[in-house]
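Q: Taken in order, these protein sequences are the chains called V and L.
The numbers in the first sequence follow our numbering, run straight up by one, and end at 63.
The numbers in the second sequence follow our numbering, run straight up by one, and end at 202.
No wet-lab data here; the hints were simulated from the structure.
Predicted model only: the values in this text are computed from it and were never measured.
Errors might be hidden in some of the hints.
To give a feel for the contact side, a few chain V residues facing chain L, derived at Cβ under 7 Å [to be verified]:
1) GLN33
2) ALA37
3) TRP39
4) PRO49
5) PHE50
6) HIS55
7) GLU56
Keeping only pairs whose Cα atoms sit at most 25 Å apart, straight-line, the calculated SDA-like set for lysine to any residue is [said to hold, decoys possible]:
8) V:LYS47 to L:VAL131
9) L:LYS188 to L:SER165
10) V:LYS63 to L:ASN118
11) V:LYS47 to L:VAL123
12) V:LYS47 to L:THR157
13) L:LYS188 to L:ALA89
Heads up, the beta-carbon is just placed ideally off N, CA and C, and yes, glycines get one too.
Listed here are the chains, written in short residue letters.
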Amino acid sequence: MIPVVTIAQIVLESLKYGSQFATAIVALLHKPQPTEADWLAALALAKTPFTAGLHEGAIQPDK
Amino acid sequence: MRICRMPAIVAVSLAIAFVCGCATTASIERGAYITVGSATTAVELARQGYINHANECLCVQSNEFLRVQNAYEEYQRGAELAGQLIVAYKQSTTPNPMTLESALTALSDNSSNLVTMIIELLPGKDGAKVQRQIGKVKP
Numbered sequence: 001m002i003p004v005v006t007i008a009q010i011v012l013e014s015l016k017y018g019s020q021f022a023t024a025i026v027a028l029l030h031k032p033q034p035t036e037a038d039w040l041a042a043l044a045l046a047k048t049p050f051t052a053g054l055h056e057g058a059i060q061p062d063k
Numbered sequence: 064m065r066i067c068r069m070p071a072i073v074a075v076s077l078a079i080a081f082v083c084g085c086a087t088t089a090s091i092e093r094g095a096y097i098t099v100g101s102a103t104t105a106v107e108l109a110r111q112g113y114i115n116h117a118n119e120c121l122c123v124q125s126n127e128f129l130r131v132q133n134a135y136e137e138y139q140r141g142a143e144l145a146g147q148l149i150v151a152y153k154q155s156t157t158p159n160p161m162t163l164e165s166a167l168t169a170l171s172d173n174s175s176n177l178v179t180m181i182i183e184l185l186p187g188k189d190g191a192k193v194q195r196q197i198g199k200v201k202p
């Protein structure tokens, strides 16, 4: 278990480098480990068919 | 100024890793998770940019389209392999971080090549737009 004082010190220290960095640090400290479902969700975008959104007739025959 | 800050940022990150104790494997896993999410998001943004371009210009010929589609399908096979490795990692009682490294290798090479290929094929402004969008992907 991480001592609360230490967490506070880290967050305060990270704020010196910008709120975005501090936010990332807080997320890192608090977000639980990614589950199998989290991983698969991150990979789900790769299942999008290449032609999704392509209009019919948009591709021209080779010249 | 930014250069002076970097060692301190690294120091803070290292401090977190030390404080977390459990963190070595956990931080590797977290980093890999962020990398996977960023890679799939970047490819999807590039794919959408290419499809939008094809719809708008009506100038993409089938040989070029098939070349990009083949590269995309190769990336999909890499992502499928990465998914299998990650499931094996998560289900293992003694997870090996090297499995995650293999998964990242399977995914990242193909994804970066594909994004580069698409950006090069897009006209300047469309390529720049995709690059800006990818730049906004927050790990």
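Q: Does the interface hint hold: is V:ALA37 within less than 7 Å of chain L, judged Cβ to Cβ?
A: violated (9 Å)
Q: Have a go at the V:GLN33 hint: is there a Cβ in chain L nearer than 7 Å to its own Cβ?
A: holds (6 Å)
Q: Would you mind confirming whether the straight-line C-alpha gap from L:LYS188 to L:ALA89 stays at or under 25 Å?
A: violated (40 Å)
Q: Checking hints one by one. Is V:TRP39 an interface residue toward chain L, by the C-beta closer than 7 Å rule?
A: V:TRP39 check passes; min Cβ-Cβ to chain L is 5 Å, inside 7 Å.
Q: Would the pair V:LYS47 and L:THR157 pass a check requiring their Cα atoms to be no farther apart than 25 Å?
A: violated (29 Å)
Q: Is the interface hint satisfied for V:HIS55? The criterion is a beta-carbon contact with chain L at less than 7 Å.
A: holds (5 Å)
Q: Regarding the hint that V:PRO49 lies at the interface with chain L, is the smallest CB-CB distance below 7 Å?
A: V:PRO49 check fails; min Cβ-Cβ to chain L is 9 Å, beyond 7 Å.
Q: Does the interface hint hold: is V:PHE50 within less than 7 Å of chain L, judged Cβ to Cβ?
A: holds (5 Å)
Q: Within a Cα-Cα threshold of 25 Å, do V:LYS63 and L:ASN118 meet the stated pairing?
A: holds (18 Å)
Q: Is L:LYS188 within 25 Å of L:SER165, Cα to Cα?
A: Roughly 35 Å separates the two Cα atoms, so the pair is violated.
Q: Within 25 Å, alpha carbon to alpha carbon, are V:LYS47 and L:VAL123?
A: Holds, at roughly 23 Å.
Q: Taking only the CA atoms, is the gap from V:LYS47 to L:VAL131 under or equal to 25 Å?
A: Holds. V:LYS47 to L:VAL131 sits at ~16 Å (cutoff 25 Å).
Hints 2, 4, 7, 9, 12, 13 from the list above are not met by this structure, while the remaining hints are.
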